[in-house]
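**Q** Spelled out, the chains give:
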Amino acid sequence: MPEEKAIRVLIAKPGLDGHDRGAKVIALGLRDAGFEVIYTGIRQTPQMIARAALQEDVHVVGLSCLSGAHRILFPKVVDLLRQSGLEDVLVIGGGVIPEEDVPFLEERGVQAVFTSGTLIRHIADYIRQNLPAGRQT
Amino acid sequence: MRHQKGVVTVFDPERLAEIEEGKKGWEETALRENLRRLGLSESPCQFYTPLDVRDRDYLQKEGFPGQYPYTRGSYAVPVYATPFAEVLEGGVVAPRAGQYAGYGTVEDTRDLWRAEKRRGANIAFDLPTQCGYDSDHPLAEGEVGRAGIAVDTLQDFETLYEAFDGLTTLDGMVSNFTINAPCNIILAMYFALAEKKGVSLAKLHGTPQNDILKEFVARGTYIFPPEPAMRMIRDTITYCSEYAPEMNVISICGYHMREAGASEVQAAGFTFAHAIAYIQLGVDAGLDIDQFMRRFTFLDFGGGMDFWREIARARANRRVWARIMKERFGAKNPRSWIMSGGDTIFVGPSAYTLQRPLNNLVRGVIGGVMGYLGAGFTFGGFPWDEVYGLGHSYEARQLSLDAGRILRYEAKLKQVVDPLGGSYFVEALTDEVEEEIWDVIRKVEDVGGAVEAVKSGYAQQEIARSAYKFHREIETGERVIVGVNKFTGEEELEVVPPRLVPHPYDPKKLESAAERQLARLARVKKERDQDRVDSALKAVHEAAKKEDENLIPCFMDAVKAYATVGEICDVLRDVFGEYEAPSIL
Chain H
1 MPEEKAIRVL IAKPGLDGHD RGAKVIALGL RDAGFEVIYT GIRQTPQMIA RAALQEDVHV
61 VGLSCLSGAH RILFPKVVDL LRQSGLEDVL VIGGGVIPEE DVPFLEERGV QAVFTSGTLI
121 RHIADYIRQN LPAGRQT
Chain B
1 MRHQKGVVTV FDPERLAEIE EGKKGWEETA LRENLRRLGL SESPCQFYTP LDVRDRDYLQ
61 KEGFPGQYPY TRGSYAVPVY ATPFAEVLEG GVVAPRAGQY AGYGTVEDTR DLWRAEKRRG
121 ANIAFDLPTQ CGYDSDHPLA EGEVGRAGIA VDTLQDFETL YEAFDGLTTL DGMVSNFTIN
181 APCNIILAMY FALAEKKGVS LAKLHGTPQN DILKEFVARG TYIFPPEPAM RMIRDTITYC
241 SEYAPEMNVI SICGYHMREA GASEVQAAGF TFAHAIAYIQ LGVDAGLDID QFMRRFTFLD
301 FGGGMDFWRE IARARANRRV WARIMKERFG AKNPRSWIMS GGDTIFVGPS AYTLQRPLNN
361 LVRGVIGGVM GYLGAGFTFG GFPWDEVYGL GHSYEARQLS LDAGRILRYE AKLKQVVDPL
421 GGSYFVEALT DEVEEEIWDV IRKVEDVGGA VEAVKSGYAQ QEIARSAYKF HREIETGERV
481 IVGVNKFTGE EELEVVPPRL VPHPYDPKKL ESAAERQLAR LARVKKERDQ DRVDSALKAV
541 HEAAKKEDEN LIPCFMDAVK AYATVGEICD VLRDVFGEYE APSIL
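Protein chains in written order, with the working numbering: chain H, 1 to 137; chain B, 1 to 585.
Just so you know, nobody snuck in bad clues.
Simulated crosslink set (DSBU-like; lysine-lysine; CA at most 30 angstroms straight-line):
#, chain 1, residue 1, chain 2, residue 2
1, B, K525, B, K508
2, B, K546, B, K525
3, B, K560, B, K546
4, B, K509, H, K76
5, B, K508, H, K76
6, B, K61, B, K23
7, H, K76, B, K525
Calculated from the structure, these hints are not laboratory results.
Please model the entire structure based on the sequences and the hints provided.
**A** Next up, the structure:
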């Protein structure tokens, strides 16, 4: 599907957590599924992630955190993206995220949370279905 | 296959010829008939006979437990049959260093440990500490006191160790530090604390993790580039051999690479490649290998659900390591030929699932069985709720403890050492896996050794590739994970047992931990003698520029002046630069 080639996804690791197996696997998987994927590597501040999203003109930002800092770092990334004028970038998250934190994250603008055991094709489907109309390529 | 000349096998060649004949007959009759009835073109099972292990010299390949080449076990009496293992399964907390822990601030952890009457410290540090940032650094936001305690200055250590006042002294306890990049700064704190308490460094016991290569490859808490990072490990080896000879200097880990997606042979091969690089540091420093190897330990190699391969891997590991030590390094003392602590066999938490999580108990138990069959150390598996993050419930811990007890006392798995030794299949597989491990080691050497493999991103790439391959197998269904990619229909029941016993650490405390730690840090910075800090940091800077110099004495002066971990690391960043991970995607 050629139109999918243009869906640009930034996979980012906010904070100091070095567990990047999930981030890398998802980056590779989405690439294989036809997306254009940029992976930031580990140890990114929310500012660095927002800047990368702006520079790379992405449609989707996927955040991964396994250290427990997601409640602080994920909303911060969302806020900075919005402040940078990236109003409609789809933000999704993953990692070791307790179920009870999911409503909080959703409220703060993380549109979906994918935890351990998620199949990449489900993430790909979710992105395709939830990309805001204005950002459809 | 013809019988190889000069090899002393346990089989009589004439008898082997009869077996070969017999096998052919079996294939043409019993097997063919069975397949026909089942409507199969080939058997779904493999079948092994003496023919598969015909050309092996028993004494060379297998031998006896506790003797070269250690295939049948590191010790004559395996760890799982020792009184030590029974104490662990008694559920007694902290027979030695105690369970790996760190909650919020040093005060929180001190109070908890004191309440538990702990007699040893097994310290989890938070990520800012592990990455050499103070609690007030922008990158520390959200991470302070999570996944472990924040240690900014020596005062934090002083407060933490108050937990043992009146219970034990530094020379009567064991301290384990899960710290890598800033390891020597933390050790300097421990040494400084000992000096202050009037305890000789020679009487200290403990283990720092200090395995930086696997941080570059898998765990991610690196700071400096590989060369200066390796230099600091050399410093640990040489300093401890002179002043703190009872301290272990390193705990070499395969576990993190396995969890990061390495296959069992990759985890083994890369771990050995790393170990070779560390040992070379001691050799190059002119130390006696049999002396300093007493202080090298292994953590473990992690594990997955491929039952037979894990068992074969554990058996092959012992043989590979013994050969490396004896043949490559020429170590003479048999104590150097075994992987101290490296023989724990289990199913790692990356095999655990969030879906139907009580199934993880079963996975853990399978790991426990593997431990007995692989003649290594074993337990009842990680608690099933590991998958929710750190902080197991008491219920889950009880179940895991009981699982281990059931394996030991009801199923009596400890009765035999290496019970699969001599199995045509397991011996053949052990040989095969051994070859694969050697192959990984050879490939690392081909790219220039472990340090080069890290710098070029080769190791990271190999592991990422394996992780992705593993995940692809789950996506395609080639690899079945119950409750994840198969047996997920609506009729299946999600079983999540309750976790109601309250944990003694009040999670509300964690919410204020960062704030409290920042206040502690600000107070220390205000009260310390800034001139003393500045001159100590300057000394670190000067010493760091001289490759030959051991930095630990300078670190000790700096921490005694209450310089922070972040300040010391900043000085080193100045001199050494920072590691930049190669882009491998």
